[in-house]
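Asker: Here is what each chain is made of, one letter per residue.
There are 2 protein chains.
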Amino acid sequence: MAGTVYEALAAGRNRILSDLIEFATIPSVSTDPVHRADIDRAAAWLADRLAAAGPFAVQILPTAGHPVVYAEWLGAAGAPTVLVYGHYDVQPPDPLEKWATEPFRPTVREGRLYGRGVSDDKGPVLIPIKVAEAFFATAGALPVNVKCLFEGEEEIGSPSLEPFVREHASQLAGDLVLSADGAMWRISEPSITVACRGLAGMELSVYGPAKDLHSGRHGGGVANPLHALASLIDSLHAADGRVAVAGFYDAVQELSAEERSTIAALPFDEAAYLAQVDSAATFGEPGYSTLERQWTRPTLEINGLWGGYQGAGSKTIVPAEAHAKLSCRLVPAQDPQDILDKVAAHLRGHLAPGVRLKIAPGGHAALPYEIPAAHPGLAVARAALCRVYGQEPVLVRMGGTVPICDAFHRILGMETVFFSFSTADEDFHAPNEFFRINRLWEGLEAWARYWELLGQRA
Amino acid sequence: MAGTVYEALAAGRNRILSDLIEFATIPSVSTDPVHRADIDRAAAWLADRLAAAGPFAVQILPTAGHPVVYAEWLGAAGAPTVLVYGHYDVQPPDPLEKWATEPFRPTVREGRLYGRGVSDDKGPVLIPIKVAEAFFATAGALPVNVKCLFEGEEEIGSPSLEPFVREHASQLAGDLVLSADGAMWRISEPSITVACRGLAGMELSVYGPAKDLHSGRHGGGVANPLHALASLIDSLHAADGRVAVAGFYDAVQELSAEERSTIAALPFDEAAYLAQVDSAATFGEPGYSTLERQWTRPTLEINGLWGGYQGAGSKTIVPAEAHAKLSCRLVPAQDPQDILDKVAAHLRGHLAPGVRLKIAPGGHAALPYEIPAAHPGLAVARAALCRVYGQEPVLVRMGGTVPICDAFHRILGMETVFFSFSTADEDFHAPNEFFRINRLWEGLEAWARYWELLGQRA
Numbered sequence: 003m004a005g006t007v008y009e010a011l012a013a014g015r016n017r018i019l020s021d022l023i024e025f026a027t028i029p030s031v032s033t034d035p036v037h038r039a040d041i042d043r044a045a046a047w048l049a050d051r052l053a054a055a056g057p058f059a060v061q062i063l064p065t066a067g068h069p070v071v072y073a074e075w076l077g078a079a080g081a082p083t084v085l086v087y088g089h090y091d092v093q094p095p096d097p098l099e100k101w102a103t104e105p106f107r108p109t110v111r112e113g114r115l116y117g118r119g120v121s122d123d124k125g126p127v128l129i130p131i132k133v134a135e136a137f138f139a140t141a142g143a144l145p146v147n148v149k150c151l152f153e154g155e156e157e158i159g160s161p162s163l164e165p166f167v168r169e170h171a172s173q174l175a176g177d178l179v180l181s182a183d184g185a186m187w188r189i190s191e192p193s194i195t196v197a198c199r200g201l202a203g204m205e206l207s208v209y210g211p212a213k214d215l216h217s218g219r220h221g222g223g224v225a226n227p228l229h230a231l232a233s234l235i236d237s238l239h240a241a242d243g244r245v246a247v248a249g250f251y252d253a254v255q256e257l258s259a260e261e262r263s264t265i266a267a268l269p270f271d272e273a274a275y276l277a278q279v280d281s282a283a284t285f286g287e288p289g290y291s292t293l294e295r296q297w298t299r300p301t302l303e304i305n306g307l308w309g310g311y312q313g314a315g316s317k318t319i320v321p322a323e324a325h326a327k328l329s330c331r332l333v334p335a336q337d338p339q340d341i342l343d344k345v346a347a348h349l350r351g352h353l354a355p356g357v358r359l360k361i362a363p364g365g366h367a368a369l370p371y372e373i374p375a376a377h378p379g380l381a382v383a384r385a386a387l388c389r390v391y392g393q394e395p396v397l398v399r400m401g402g403t404v405p406i407c408d409a410f411h412r413i414l415g416m417e418t419v420f421f422s423f424s425t426a427d428e429d430f431h432a433p434n435e436f437f438r439i440n441r442l443w444e445g446l447e448a449w450a451r452y453w454e455l456l457g458q459r460a
Numbered sequence: 003m004a005g006t007v008y009e010a011l012a013a014g015r016n017r018i019l020s021d022l023i024e025f026a027t028i029p030s031v032s033t034d035p036v037h038r039a040d041i042d043r044a045a046a047w048l049a050d051r052l053a054a055a056g057p058f059a060v061q062i063l064p065t066a067g068h069p070v071v072y073a074e075w076l077g078a079a080g081a082p083t084v085l086v087y088g089h090y091d092v093q094p095p096d097p098l099e100k101w102a103t104e105p106f107r108p109t110v111r112e113g114r115l116y117g118r119g120v121s122d123d124k125g126p127v128l129i130p131i132k133v134a135e136a137f138f139a140t141a142g143a144l145p146v147n148v149k150c151l152f153e154g155e156e157e158i159g160s161p162s163l164e165p166f167v168r169e170h171a172s173q174l175a176g177d178l179v180l181s182a183d184g185a186m187w188r189i190s191e192p193s194i195t196v197a198c199r200g201l202a203g204m205e206l207s208v209y210g211p212a213k214d215l216h217s218g219r220h221g222g223g224v225a226n227p228l229h230a231l232a233s234l235i236d237s238l239h240a241a242d243g244r245v246a247v248a249g250f251y252d253a254v255q256e257l258s259a260e261e262r263s264t265i266a267a268l269p270f271d272e273a274a275y276l277a278q279v280d281s282a283a284t285f286g287e288p289g290y291s292t293l294e295r296q297w298t299r300p301t302l303e304i305n306g307l308w309g310g311y312q313g314a315g316s317k318t319i320v321p322a323e324a325h326a327k328l329s330c331r332l333v334p335a336q337d338p339q340d341i342l343d344k345v346a347a348h349l350r351g352h353l354a355p356g357v358r359l360k361i362a363p364g365g366h367a368a369l370p371y372e373i374p375a376a377h378p379g380l381a382v383a384r385a386a387l388c389r390v391y392g393q394e395p396v397l398v399r400m401g402g403t404v405p406i407c408d409a410f411h412r413i414l415g416m417e418t419v420f421f422s423f424s425t426a427d428e429d430f431h432a433p434n435e436f437f438r439i440n441r442l443w444e445g446l447e448a449w450a451r452y453w454e455l456l457g458q459r460a
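So the sequences go chain by chain: A and B.
Heads up: the first sequence begins at 3 in the numbering used here, then just goes up one per residue.
Heads up: the second sequence begins at 3 in the numbering used here, then just goes up one per residue.
Pulled out of the complex, with its shape left as it was, chain A reads as follows (with noise of 0.2 Å):
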């Protein structure tokens, strides 16, 4: 035991990077049946690690569906304790093709790491293990009581960690969370993100004739479910970008003219986003700017539509069935079945004669959520990034959905700070995934910043 933490944590970069490289190499892709036995052996991976930080009781504990990581120290008497989450499953990687390097197949070019999961959110959840790995074998204790719990379902809504939150409600019990998913901002400025969108979705099938029809013998005669299933998705928002499913913005707390001006004040160049997302223009909801249109509106996006004949060449058919995935983002206080079914039953209200619609479940709901601007968790947050920036934090919203805050609060009264070192523009849910090699650094410090000074506190 020899040097600060911050020394150690220094000398131990190379080894860091090579573990986050290994943990990244396992394809634990959460809605994907057949990457099962890579889910366990990410979730084995990471028990592997935690037990090697230190005299952390670690478990692997079992859930409906993918299991939970969990582990715990407690030696810090007196001192707050944390409970630190974050996911080790991650999105699927197509579309194959556009990837530079093989999504498994973690790759540093100039700075940074690709590779499905690094930034969302295997680099992130490495970084407190490590930490702890630092301050064990510096000062052979933590600053705080450190409670661990890493899912394998936050990519498809974590729909068994609600369950599983309520089962284990006194072990996880703790002052406040402390989040190593939901990324921050931007690569400019530090940030501390204070609220993130809900989420709810579906998927509608349409179906027409039982079989695919010549389009020649049978066009004209029968409906065709592509054109009615192109008509409902039509139908589901105005020509200007506002939702017109009846009753969408009914529950929607509208902003104060307060957090208008403080979202209108912070530096956002829109030309400057539009090049990084190489998008021609924004669109969306009228009256709402672009950063409160993503960050406090409700959206309704179809995420994926499918029907006919997809194949080279032409083929001349009236298909028998068309289907689409859609997802709503949702915003305090709106609810993801109040939505759903109000989707529904526009769906079910626009459909055009001669096909039948047939809706089913499409990933698993989540509540929208906010920490109260007042609490400590924030103060700490800023004061760590101040030391490791050098500048004051902004604070920002998340358009994004980290579905287990609000059952962290409901279940177990806890606030959540999103303490998260990967960057909104490091394409996750995309082709060529990375996380910058220089936040994974800043995080190391941050996070042991965060608990010294919130063990100071005590």
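What the hints contain is simulated information worked out from the structure, not anything from laboratory work.
Keep in mind the model is a prediction, meaning the values are calculated, not measured.
Even for Gly, the Cβ is constructed at its ideal location relative to N, Cα and C.
Hints are supplied without guarantee of correctness; some may be wrong.
[Said to hold, decoys possible] Quick list of in silico lysine to any residue cross-link-like pairs, SDA-like style, CA-CA up to 25 Å:
1) 213(B) with 429(A)
2) 100(B) with 359(B)
3) 213(B) with 358(B)
4) 360(A) with 276(B)
5) 213(A) with 111(B)
6) 100(A) with 241(B)
7) 360(A) with 325(B)
8) 100(A) with 325(B)
9) 213(A) with 107(B)
10) 100(A) with 315(B)
11) 213(B) with 213(A)
12) 360(B) with 276(A)
13) 213(A) with 241(B)
14) 100(B) with 275(B)
15) 213(A) with 275(B)
[Unchecked claim] If you want the ones that stay clear, here's a sample from chain A, every Cβ over 12 Å from chain B, calculated:
16) 9
17) 12
18) 97
19) 113
20) 377
21) 409
22) 431
23) 454
[Claimed, not checked] Taking CB as the label site, the calculated pair distances span:
24) 256(B) with 254(A): 51 to 57 Å
25) 269(B) with 254(A): 55 to 61 Å
26) 111(A) with 102(B): 58 to 64 Å
27) 394(B) with 358(A): 51 to 57 Å
28) 99(B) with 62(A): 33 to 39 Å
Once you've looked at the hints, dock chain B against the given chain A.
Answerer: Coordinates of chain B only, in the frame set by chain A:
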């Protein structure tokens, strides 16, 4: 040389059916480059059968695309010359999982032969070859001069055949075209098809962000190409089924009262039709009966549609692109290029903001066709069918397209008599295509009668 041609055909049934099974085992899918060698195998197989049938001069002639199989026997001095038309290529077998038996392992079940291409057009193409073989075997000669032209690109719109016909115009010259393609209307009564619709197609692609984006981070910020494509597709039709493209119906020749009453007099049971296609209701342009819509009105159909995530579970993205395949069936006097131009102008004019549209050619265009009612070839067909079926055939139209009819007329001055023995309900272009084996026997007799009757007219 003993017995009549009819006795020879009856005696040869087993071998004829086993030849058809062998022919249909070759996956000669013209639209997919992967099957190029199978196309060549199918052409060689046909050439071999023609050579085996009798003293035909047989050639496999190259085109810019797939080869033409050509054969001629001109020994009937003073008799008319018939150009027999058919095609040896087939539609793709997708969706494979919907076939009860493998598409390229033809299987007999309950009097039907199941397999891709058995009805469209390999069974009907084999008929004139086997009839010629029987005439040569029993009479040593055919009652008429016969030229056979079997192409390998019908299912992709016959792009190379018109240049081929132009180049070989004197070689192909004759009195009429007898087409082995173009199915009979129904199984309940014999019919003669006197018109077919034209075809024009395109592929449209909508592009948004250059890569798939996380729908949480970016949803609400940029336009979703799936929404824009759905909106475009929905804009192509009015809610009542009428095509909404400006000028789409301009050139259409309205039916005369007499033509409409002829169609209305046909025995057509809408409930039975719906049961046949297993659809809940008919649907289409208002003001016209189902048969009128399928035979005499132009249509616009989306044949395929895709974009975003289509796998198991959910993937919450705003996808980078979306695609659709579109085709129109045309009636006299619509011009394919004019219609494509109008559709393209409509699409460009209805594109939502924030995305880009790309239009590419889709398959090859074909003009509609109609044989003059007084053409003598129709009278011979009527007489031949009366002999085989013991009843007068009904005159019908065809919703589908036989692209080369118009070219035969324009370039060679020859009209086309459809004399196919497949039936329109035999699921060509769909899974579980089949050919009724009794239609094979009836077709053999009918083609022999046709050639005999035509030879007697000389």
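Asker: Give a verdict on every hint.
Answerer: Hints versus structure:
no., hint, verdict
1, 213(B) with 429(A), "9 Å, holds"
2, 100(B) with 359(B), "33 Å, violated"
3, 213(B) with 358(B), "14 Å, holds"
4, 360(A) with 276(B), "21 Å, holds"
5, 213(A) with 111(B), "19 Å, holds"
6, 100(A) with 241(B), "38 Å, violated"
7, 360(A) with 325(B), "23 Å, holds"
8, 100(A) with 325(B), "17 Å, holds"
9, 213(A) with 107(B), "20 Å, holds"
10, 100(A) with 315(B), "21 Å, holds"
11, 213(B) with 213(A), "34 Å, violated"
12, 360(B) with 276(A), "21 Å, holds"
13, 213(A) with 241(B), "23 Å, holds"
14, 100(B) with 275(B), "21 Å, holds"
15, 213(A) with 275(B), "14 Å, holds"
16, 9, "36 Å, holds"
17, 12, "31 Å, holds"
18, 97, "7 Å, violated"
19, 113, "20 Å, holds"
20, 377, "23 Å, holds"
21, 409, "18 Å, holds"
22, 431, "4 Å, violated"
23, 454, "31 Å, holds"
24, 256(B) with 254(A): 51 to 57 Å, "53 Å, holds"
25, 269(B) with 254(A): 55 to 61 Å, "59 Å, holds"
26, 111(A) with 102(B): 58 to 64 Å, "51 Å, violated"
27, 394(B) with 358(A): 51 to 57 Å, "40 Å, violated"
28, 99(B) with 62(A): 33 to 39 Å, "37 Å, holds"
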